[in-house]
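Work out the full structure: start from the sequences and follow the hints.
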Amino acid sequence: MKFFALFGRYIILLSRVFSKPEKSRIYLRQIIKEIEILGLNSIGIVILISIFIGAVITLQTRYNLESSWIPLYLIGLTARDTILLEFSSTMVGLILAGKVGSNIASEIGHMRITEQIDALEMMGINSASYLIFPKIIAAMLFNPFLTLISMGVGIFGGWLAAVVTGALSSADYIYGIQYLFVPFYITYALVKTVVYAFIITSVSAFYGYYVQGGALEVGRASTRGVVYSSILILLADLVITQLMLA
Amino acid sequence: MITVKNIYKSFNGAMVLEDISVTFEKGKTNLIIGRSGSGKTVLMKCIVGLHEVDKGSIFFDDRDFVSLDFMNRKNLRREIGMLFQGSALFDSLTVEENVMFPLTMFTEMTPDEKRERVNICLKRVNLADVNKLYPGELSGGMKKRVAIARAIVQNPKYLFCDEPNSGLDPKTALVIDDLISEITHEYNITTVVNTHDMNSVMEIGEKVVFIHEGRKGWEGTREEILDTGDENLNDFVFASNFAKKIKALTSGNITE
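Chain order of the listed sequences is A and B.
Its first residue numbered 1, the first sequence is counted upward by one per residue in our numbering.
Its first residue numbered 1, the second sequence is counted upward by one per residue in our numbering.
Just so you know, these hints were derived from the structure itself, not from any lab.
Heads up, some of the hints might be wrong.
Dumping the calculated EDC-like pairs for lysine to aspartate or glutamate here, alpha-carbon to alpha-carbon at most 16 Å [what the hints assert, rightly or not]:
(1) B/LYS74 to A/ASP118
(2) B/LYS45 to A/GLU36
(3) A/LYS23 to B/ASP64
(4) B/LYS45 to A/ASP118
Printed below as a string of structure tokens:
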């Protein structure tokens with residue numbers, strides 16, 4: 001019963017978020033600002049994590065394929081497919097749920113407890129739309145670029161690990177990442193990324209928007225936003241995979 | 001003028017406001033007073049629509065706010081300025097951007113026109129050279145004054161102030177009180193101030209409404225408040241030892 005009440009509240013909030021904006025020009029400016037805050041500021045962490053994960057995937061695959069029957073270029077192929085299919089969309093999505101989700105929930109939660117949201121409402125502004133809509137659109141527009149960056153950097157990380165440790169030759173790795181390449185995997189990953197971006201921003205904003213109390217509750221809302229975003233990302237991963245790959 | 005007629009408000013079955021009817025007059029500073037938890041903040045939030053009332057009507061001049069639809073409420077709110085207890089300035093915006101915000105959202109003024117209007121409002125609240133500062137760099141009193149400037153930037157017809165003196169020293173509180181009173185008379189607007197500060201009552205309270213345990217306990221002027229005979233109101237007005245001594249002095253019962 002509590003779940004349905006919560007879900008209903010979430011839908012009502014979304015209906016307010018997607019209602020007609022007061023001034024489109026202002027919203028456009030807000031979207032650009034949010035792209036910087038939520039997107040550009042996440043590039044660093046995405047690059048750092050992707051390069052290490054790419055390297056680790058390559059080394060682990062090499063470790064598990066200790067057989068003279070299996071050609072070494074398959075390590076490159078495995079690393080590429082793992083990065084394209086799952087890591088760069090879902091793993092990066094989960095990381096962004098932690099970074100961006102907590103940021104959104106705490107920012108909006110702080111605005112709620114310091115009456116800044118009430119002040120917006122009192123001015124005759126649809127606070128839900130003004131605060132949340134630009135974040136959702138900014139993340140849905142920019143996160144696919146983060147995924148593409150993650151893909152490129154992850155594959156480069158795998159090559160770096162292969163060459164530096166001597167796990168396999170540069171030629172084998174490069175041949176492997178080109179072998180049996182399916183471009184649809186990128187489409188699949190980008191579709192997932194856009195859905196995850198919506199989940200992260202809307203769920204975290206929902207928990208921040210309805211905070212009641214003080215700083216402690218803002219912290220709790222931030223945690224809830226991250227936890228529920230992460231769960232929903234995994235659920236969406238399952239559904240989209242079944243719909244697009246099965 | 002704002003007329004509140006028989007409003008009721010409850011939260012989770014607990015009645016917070018019961019059958020409150022009151023009129024707030026135009027061109028006057030109308031004060032809502034009462035103990036903490038008496039329901040005065042809920043009353044103010046019901047009047048401005050931040051809480052929905054269970055029953056009753058609220059008229060802004062001849063418009064019944066309760067029965068207005070979403071769009072008409074939004075339009076009416078543009079005629080309202082509000083000063084929140086914690087000032088509620090937007091942390092990420094400078095003072096100038098904060099005051100300019102309603103103009104940016106609702107007018108087609110040019111940047112120069114907006115800046116000129118902002119400077120007029122900041123000058124009116126006696127603030128200078130703060131345009132580029134952020135709220136975090138201001139004192140409590142300065143934040144309140146910026147919030148007042150933001151509240152009046154669109155020439156409101158109604159001004160609501162929730163605990164304008166909370167967290168301020170007595171001298172700064174006096175400055176804010178005087179500012180609210182001056183603006184009320186200058187712009188001839190209906191001002192409603194929520195307070196439990198008796199200094200404010202005696203300083204600017206042209207009409208005073210006392211809320212006790214969710215009901216209207218008393219209504220009158222600041223001149224009448226000291227001799228009402230209402231036990232609950234007297235308990236509130238003479239709560240401090242200082243006030244008790246003054247009362248004893250004036251009535252000739254002082255023993256020390």
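Checked hints:
The suggested pairing of B/LYS74 with A/ASP118 holds, with an alpha-carbon distance near 13 Å, which does not exceed 16 Å. For the suggested pair B/LYS45 and A/GLU36, the alpha carbons sit about 36 Å apart, so the restraint of at most 16 Å is broken. With a C-alpha separation of about 27 Å, the suggested pair A/LYS23 and B/ASP64 falls outside the 16 Å cut-off, and the hint is violated. Of the pairs offered as hints, the one joining B/LYS45 and A/ASP118 holds, with about 10 Å between alpha carbons and a cut-off of 16 Å not exceeded.
Against the hints set out earlier in the document, violations occur for numbers 2 and 3.
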